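Novice: Here are the chains, one letter per residue:
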Amino acid sequence: MSTSWATAGALVALAAVFFILALLYAAGTIGFLASSRHTHHYSHAAVMVVLGSLSLVGANFLRPKNNADF
Amino acid sequence: MTTWQAAFLGVLQGATELFPVSSLGHAVVIPTLLHWTFRQSDPSFLPFLVLLHLGTAGALLILYWADWIAIIQGFVRAALRGSIRAPSERMAMLLVVGTVPAGIVGFVLQKPLRALFASPRAAAAFLVVNGLLLLGAEVLRRRAEKVAGAAAGPGREEAFSEVGGLSFRAAALVGLCQALALLPGISRSGVTMAGGLLAGLRHQEAAKFSFLLATPIIAAAGVLEVPELLVPGVPLTAYLFGAVLAGLAAYASARFLIRYFRSGRLDPYGFYCLAAGIGALLLLR
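Chains as they are written, first to last, in my numbering: chain D, 1 to 70; chain X, 1 to 285.
Since the hints were made in silico from the structure, they are not lab data.
Only a predicted model underlies this, so the values are computations on that prediction, with no experimental measurement involved.
Where is the CB? At the ideal position from N, CA and C, for every residue including glycine.
Heads up, some of the hints might be wrong.
[To be verified] With beta-carbon atoms standing in for the labels, derived distance ranges:
#1 Ser167/X with Thr7/D: 17 to 27 Å
#2 Gly164/X with Gly31/D: 38 to 48 Å
#3 Leu132/X with Ala10/D: 32 to 42 Å
#4 Leu284/X with Lys65/D: 21 to 31 Å
#5 Ala16/D with Ala115/X: 28 to 38 Å
[As the list claims (entries may be wrong)] Once the Cα atoms are required to be at most 25 Å apart in a straight line, the calculated SDA-like pairs of lysine to any residue come out as:
#6 Lys111/X with Ile30/D
#7 Lys146/X with Tyr260/X
#8 Lys146/X with Leu198/X
#9 Lys65/D with Leu80/X
#10 Lys111/X with Val17/D
#11 Lys111/X with Val231/X
Isolated chain X, as found in the complex (with noise of 0.2 Å):
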């Protein structure tokens, strides 16, 4: 891989991280369109892939530094006490339980899930399916909206309720979400939301619920797949520039996708995994 090559798939993976459309599946996709000739099956491409996660998490811990110093004081002091009584204390645990159940099924099925990152074909399909996700949470959340007698407009957001109101229950069927989006295809942070929906939040909490929960889970991949990368032959410093774009990258779509959630809906990323899954599935054949 060159750097140049590197510098692209560290924007795109930044920039799709954290908007819903599955960076994992344009990283797998992508190469394999433009017809690049390193091999997506390569033992390094995955850890490379994870780096760029780094970086992408990286950016997230700036943007959120204030709220990340209260969680991790709130998770020493609840897990020493024994019992929760400040919201930070809750949001704390409201992550862990949020971030086991992806890590355990990455942990279990590393092996198997590696494979699927060789097909580009598999990719797109999960593309499609991601896109259904996305369109299908936003029909549910349209009924609830009129079950709860929302106002239309951007006020129909006041029916829901903020992350800290989120039951442990609900932060565990947020989690499981999360987990599928060990797929190359399906977006993490598409699903997350999605979740986060479906528990009743407001479409910014859910991101931003999205945006803390996707820290630990990839410092664990890195944890896990970047030690992988320090073998000779591995052009470190391409992958380097690489991550660093994309923590640029990702930083600046996370300011927008806060704003965009102010009143935005997932509609028009579920339109577009549709269309691109389906394209990419076309010229793929």
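Extracted from the complex, chain D is given alone in its bound form (with noise of 0.2 Å):
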């Protein structure tokens, strides 16, 4: 697997990217995506936060290290 910062940086922003709409979402700030009948989209939050999880996993593979892989 081919590694660089700059990927695993990319990574760290989408995460962030993610965690702050789960925060949106949470908050009844947006509703995109989301049916129109609940204020507060909690289910979409927990989904971004999946996300944003995901993509801190991937920045911690794609960043350069010494070991070998499997």
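Quick one: dock chain against chain with the hints and give me the complex.
Specialist: See the structure below:
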């Protein structure tokens, strides 16, 4: 797997975007891609948290390391 | 919806979810053919179907509990370390790569897809497409067997790989195939197995990867949809009864299919989907 600080940094930035979106969904500030019946979109916030966490995992994989991968 | 209708749909969904014949397609088409009076456009119908799927996911968790413990531990280890050093860690990351495409497509297209659940004709048409996909996958597989010089009979599977040998690119391909299954009538297990076969997996291994992939995506759908059931007027007890029956039927189906795919192919299910889809389209005219 090719690694670079630039790609890892981009994934960290993406994670930050997902976490901000999670906060906005939970606060009810945005309703994009959600039904309009509820003010707070906690399920959408949960999905954003999962995507943000996966982005951080991806960044951890893509940062340059000395370890040999499987 | 009555308790018995929920129970019938539970058994139907559980039995058809893991068979590559589209449980959603059946759950949308059959009530219309039986002239049941509840509306599939009802806001609680899709969450009800997701609840049935959660019953199925529970059955798969029980069936593969040892694998799931190793996969979860492997995911945590690999995620913290930032590298893969064990087969269980690799399997965990393959499942993540295979799950993300369908998760994102389902999340983004949640509203337009919901409209398709109210259309039994669309589900019947996609059932025909599903049959063609399954038959097409087996045609390509037979070509691959000739190229690989595979032996005739059940021994032909030896020429193909196990799940551990799957590349991350192939796992992403299977994940993209899984996104197709958000359309009612396209079988999730069918398209992921077809994707697994195209990636060079043995039939039984493709089935196992498909069953493992089912659990996270169904759990994610549950997080999104099941809260919609927690409103007054929804027959929650009947729905839960259906979900339990779905789990029991799914467990029996999975045990059967694991044995079947030691030497069996997707062809019978492809022909069934073609016949069922065309028949339903004629009856729904």
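Novice: It remains to establish, for every hint, whether it holds in the given structure.
Specialist: So, going through the hints one by one against the coordinates:
1. Ser167/X with Thr7/D: 17 to 27 Å: Once the Cβ atoms are compared, 19 Å apart, the range 17 to 27 Å for threonine 7/D and serine 167/X holds.
2. Gly164/X with Gly31/D: 38 to 48 Å: holds (43 Å)
3. Leu132/X with Ala10/D: 32 to 42 Å: Distance hint for leucine 132/X, alanine 10/D holds at roughly 39 Å.
4. Leu284/X with Lys65/D: 21 to 31 Å: Hint violated: Cβ distance 57 Å, outside 21 to 31 Å.
5. Ala16/D with Ala115/X: 28 to 38 Å: holds (34 Å)
6. Lys111/X with Ile30/D: Answer holds: lysine 111/X to isoleucine 30/D is near 16 Å, not above 25 Å.
7. Lys146/X with Tyr260/X: Answer holds: lysine 146/X to tyrosine 260/X is near 22 Å, not above 25 Å.
8. Lys146/X with Leu198/X: holds (14 Å)
9. Lys65/D with Leu80/X: Satisfied, since the Cα-Cα distance of roughly 13 Å is no more than 25 Å.
10. Lys111/X with Val17/D: OK: lysine 111/X and valine 17/D at ~23 Å, within 25 Å.
11. Lys111/X with Val231/X: Judged against 25 Å, a Cα distance of about 19 Å means the pair holds.
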